[in-house]
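Visitor: Below, each chain spelled out in residue letters.
There are 2 protein chains.
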Amino acid sequence: MAAVIPESHRDILVGKNFAHIATLMRDGSPQVTPVWVDQEGDLVVFNTSEGRQKPRNLDRDGRVALSVLDHANPYRYIQIRGVVEEKTTQGAEEHIDRLAKKYMGVDRYPYHDPAQPRVIYRVRPLHVQTMG
Amino acid sequence: MAAVIPESHRDILVGKNFAHIATLMRDGSPQVTPVWVDQEGDLVVFNTSEGRQKPRNLDRDGRVALSVLDHANPYRYIQIRGVVEEKTTQGAEEHIDRLAKKYMGVDRYPYHDPAQPRVIYRVRPLHVQTMG
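Top line first, the protein sequences correspond to chains A and B.
With the first sequence counted from 1, adding 8 to any position gets you this note's numbering.
With the second sequence counted from 1, adding 8 to any position gets you this note's numbering.
Bound-form chain A, shown alone:
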């Protein structure tokens, strides 16, 4: 049932574009928040910190959706519905450094905080829609 990230729109995830990620609150209502995003093959990858709303929601219910515009042409976008396939702290501090490079142009994420360890979520797309 998995869906692939079409090569025609992969650049939107590779580029410096913000994803808006929806998760489910305890009562089942949606929440959306902007995040840095990344891709690995057919997986969508993002990085957050324990204790925030997003991981709390995802650890309860791994169903997730995201929408990403191409900032150079906002009528070109990709939207994905999927599920969390993996959550890991392994490599997560290095991964946020790579995202900081992409989004901020710096070699090291400036907000590392041992009290808030980073965590990677890998999302398996189940439905993909593109525009433009």
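Treat the hints as calculated values from the structure; they're not laboratory data.
Hints should not be assumed to be uniformly reliable.
The list cannot tell twin chains apart, which means a pair is met if one copy fits it or any two copies do.
Keeping only pairs whose Cα atoms sit at most 30 Å apart, straight-line, the calculated DSS-like set for lysine-lysine is [what the hints assert, rightly or not]:
(1) Lys110 <-> Lys95
(2) Lys24 <-> Lys62
(3) Lys24 <-> Lys95
(4) Lys62 <-> Lys109
(5) Lys95 <-> Lys109
(6) Lys24 <-> Lys110
(7) Lys24 <-> Lys109
Got chain A; can you put chain B on it based on the hints?
Guide: The following block gives chain B in isolation, referenced to the frame of chain A:
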């Protein structure tokens, strides 16, 4: 329980920024899609067409969330969780023209289609978070 749109971040909704709106699919999973957005006092307003996924979802469950970045500074944003307060076709064709003016700089929305009448959703914010 309603929340207000803070004046400090109202300009994000007034400006030419895309909202990413999350609704709930029939199975309760989230869906997110980019939309043009508007505000009226304490309400967030958007415009869609009957038959699309978003209105189908909202007519079943009016719980909604949205996230909007300031395109001039993406570390400044507003995210809102709320409920549909009103759905109406009244004024909806004129309203999409006003949104086309804001987002496309044209006087008339170029994709008017009598087979797909426009519909306005007004959302009452219940929780608002801002950054930056």
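Visitor: Checking against the hints above, which ones are violated?
Guide: none
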